[in-house]
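Enquirer: What follows is each chain in one-letter form.
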Amino acid sequence: MDNYYRKIQSEAIIMSYKGAATASLLNSMIDVAQTRLSLLTEQGQVKKRVFSILVELLQNIYHHFQDTSYLSMQEDDAIIFVLARDPNGYHVSTGNYVSNSEVPRLQAKLDTVNQATADELRARYQQVLNNGTLTQKSAGLGFLDMARKSGNKLEYEFKPYDHQFSFFSLTVHITAPQP
Amino acid sequence: MTNNYYLAETNKTPQLNFDGQSGHFVMAGRSIPENSIEFYQPLFNWLDHYSTAPQPRTVFDIKLEYFNTSSSKCLVEIFRRLEKLPPQSVVINWYYEPDDEDMLDSGGDFKNIVAIPINMIAIQ
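Chains S and V, in that order, give the protein sequences.
Counting in our numbering, the first sequence runs from 1 upward without gaps.
Counting in our numbering, the second sequence runs from 180 upward without gaps.
In isolation and in its complexed conformation, chain S is listed as follows (with noise of 0.2 Å):
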């Protein structure tokens, strides 16, 4: 408990959200944290970091939803969104359901960015960009841009719900300058 004040009191809070998730209300959520983000005192460049990863992040989930069912994304828990000031920086966190089917290939996916150093990830990027296949969901690059981006390793749990899904945290850190 005590840990947890810490952690509460060392961090602010720009914007958050809890709650059912549509498509337009991630499109409504997109647009608002680019308005507070925009009031913020800071360097261009990390305003623009914290937007563009919580765009992959919120457009991530989007593109979930194929694998979710539809009713599970009315729940008022369905997802959450954190955007905040902390010591070392802003960190960026997500939650959201994923079908338990999926969670072995995203957690190795996570892991063999997590591994990787900044020279591998922009060899690895390229790779995707130039090989890859354009597929209607996500690009296949949205982790490595988050960890390239962010230059820090992404966080993430999953923990299980049901027979069905799991919940998958996701939390981005990045680095800025002490206000």
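Please keep in mind that the hints were generated in silico from the structure rather than gathered at the bench.
These numbers come from a predicted model, not from an experiment.
Be aware that a few hints might be false.
[To be verified] Calculated cross-link-like contacts (lysine to any residue; reagent style SDA-like; alpha-carbon spacing at most 20 Å):
#	chain 1	residue 1	chain 2	residue 2
1	V	LYS242	S	GLY44
2	V	LYS191	S	ILE30
3	V	LYS290	S	ALA123
4	V	LYS191	S	SER24
5	S	LYS48	V	PRO277
6	S	LYS153	S	VAL46
7	S	LYS48	V	ASP284
8	V	LYS191	S	LEU121
9	V	LYS191	S	ILE13
10	V	LYS290	V	ASP279
11	S	LYS159	S	GLU102
12	V	LYS191	S	THR35
13	V	LYS191	S	HIS63
14	S	LYS47	V	LEU283
15	V	LYS191	S	LEU141
16	S	LYS48	V	TYR245
17	S	LYS153	S	ARG124
18	S	LYS48	V	GLU280
19	S	LYS48	V	ASP288
20	S	LYS48	S	PRO87
21	S	LYS47	V	HIS203
22	V	LYS290	S	ASN131
23	S	LYS48	V	ASP281
24	S	LYS159	S	SER99
25	S	LYS153	V	ASP281
26	S	LYS47	S	HIS63
27	V	LYS290	S	LEU121
28	S	LYS47	V	LYS290
29	S	LYS48	V	HIS203
30	V	LYS242	S	GLN45
31	V	LYS242	V	HIS203
32	S	LYS48	V	THR192
Chain S is already provided as a structure; the job is to place chain V on it using the hints.
Expert: For chain V alone, kept in the frame of chain S given last:
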């Protein structure tokens, strides 16, 4: 089929101004649509048509503020179509704000995988 492909900028999609008569193409603004393929497909079709009778010189100016990863795949699709034009007839200019090293890096990614030379130009 018209000779130009034009779309006004929105807060999620760039201005597309592809002038088939002058061979001057511009993409400017932000490209963060949720469904990039749906957004870019008509432009791919337009370029397929343009490449059947291109201008002697094609100049493509890209001035993006942001783009999402699905847009980056679509950019590659555009470049692939330009690679089919006669070599030496195409110029790609990648503009970036001097303090935006991420946008400079992104230009470098495309430069590495596209056969057409890409000029990196810092916006003054």
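Enquirer: State for each hint whether it applies.
Expert: Against the structure, the hints come out as follows:
Proximity of LYS242 (chain V) to GLY44 (chain S) is assessed by CA-CA distance (about 17 Å); at most 20 Å being required, the pair is judged to hold. Pair hint LYS191 (chain V) plus ILE30 (chain S) holds up; C-alpha atoms about 10 Å apart against a cutoff of 20 Å. Pair hint LYS290 (chain V) plus ALA123 (chain S) holds up; C-alpha atoms about 13 Å apart against a cutoff of 20 Å. Distance restraint check for LYS191 (chain V) and SER24 (chain S): the Cα-Cα separation of roughly 13 Å lies within the 20 Å cut-off, and the hinted pair is therefore satisfied.
Between LYS48 (chain S) and PRO277 (chain V), the direct Cα distance comes to roughly 13 Å. Compliance with the 20 Å bound is thereby established for this hinted pair. In summary, the hint linking LYS153 (chain S) to VAL46 (chain S) is supported, as the alpha carbons are separated by about 17 Å, within the 20 Å threshold. A distance of roughly 14 Å separates the Cα atoms of LYS48 (chain S) and ASP284 (chain V); the hinted pair therefore holds under the 20 Å criterion. Between the alpha carbons of LYS191 (chain V) and LEU121 (chain S) the distance comes to roughly 27 Å, so the proposed pair goes past 20 Å and is violated.
Using a Cα cut-off of 20 Å, the hinted pair LYS191 (chain V) and ILE13 (chain S) is violated, with the two alpha carbons roughly 25 Å apart. Between LYS290 (chain V) and ASP279 (chain V) the CA atoms are separated by roughly 17 Å; this keeps the pair inside 20 Å, and the hint holds. Distance check on the hinted pair: LYS159 (chain S) and GLU102 (chain S) sit about 13 Å apart at the alpha-carbon level, within 20 Å; holds. Proximity of LYS191 (chain V) to THR35 (chain S) is assessed by CA-CA distance (about 14 Å); at most 20 Å being required, the pair is judged to hold.
Note on LYS191 (chain V) and HIS63 (chain S): the hinted pairing holds, with a Cα-Cα distance of about 17 Å set against a maximum of 20 Å. Between LYS47 (chain S) and LEU283 (chain V) the CA atoms are separated by roughly 16 Å; this keeps the pair inside 20 Å, and the hint holds. With a C-alpha separation of about 19 Å, the suggested pair LYS191 (chain V) and LEU141 (chain S) falls inside the 20 Å cut-off, and the hint holds. Using a Cα cut-off of 20 Å, the hinted pair LYS48 (chain S) and TYR245 (chain V) holds, with the two alpha carbons roughly 8 Å apart.
For a cut-off of 20 Å, the pair hint linking LYS153 (chain S) to ARG124 (chain S) stands: about 16 Å separates their Cα positions. Of the supplied pair hints, the one linking LYS48 (chain S) and GLU280 (chain V) holds, its CA atoms being roughly 11 Å apart against a limit of 20 Å. Using a Cα cut-off of 20 Å, the hinted pair LYS48 (chain S) and ASP288 (chain V) holds, with the two alpha carbons roughly 18 Å apart. Restraint check for LYS48 (chain S) and PRO87 (chain S): satisfied, since their Cα atoms lie roughly 19 Å apart, inside the 20 Å limit.
Distance check on the hinted pair: LYS47 (chain S) and HIS203 (chain V) sit about 32 Å apart at the alpha-carbon level, beyond 20 Å; violated. The straight-line distance between the Cα atoms of LYS290 (chain V) and ASN131 (chain S) is roughly 15 Å, inside the 20 Å bound, and the hint therefore holds. With a CA separation close to 9 Å, the supplied pair LYS48 (chain S) and ASP281 (chain V) stays within the 20 Å bound. Taking the CA atoms of LYS159 (chain S) and SER99 (chain S), the gap is about 11 Å. The hint holds against a cut of 20 Å.
For the given pair, LYS153 (chain S) sits about 18 Å from ASP281 (chain V) by alpha-carbon distance, which is consistent with the 20 Å threshold. Taking the CA atoms of LYS47 (chain S) and HIS63 (chain S), the gap is near 24 Å; set against the 20 Å cutoff, the hint is violated. At most 20 Å may separate the alpha-carbon atoms for a hinted pair to count; LYS290 (chain V) and LEU121 (chain S) meet this at roughly 16 Å. For the hint pairing LYS47 (chain S) with LYS290 (chain V), the CA-to-CA distance comes to about 25 Å; that exceeds 20 Å, so the pair is violated.
The hinted pair formed by LYS48 (chain S) and HIS203 (chain V) fails the criterion: a straight-line CA distance of about 28 Å is larger than 20 Å. A C-alpha spacing of about 16 Å is found between LYS242 (chain V) and GLN45 (chain S), which places the hinted pair at or below 20 Å, so the restraint holds. Distance restraint check for LYS242 (chain V) and HIS203 (chain V): the Cα-Cα separation of roughly 14 Å lies within the 20 Å cut-off, and the hinted pair is therefore satisfied. For the proposed pair LYS48 (chain S) and THR192 (chain V), the alpha carbon gap of about 16 Å is at most 20 Å, so the pair holds.
Hints 8, 9, 21, 26, 28, 29, counting from the list given before, are not met by this structure.
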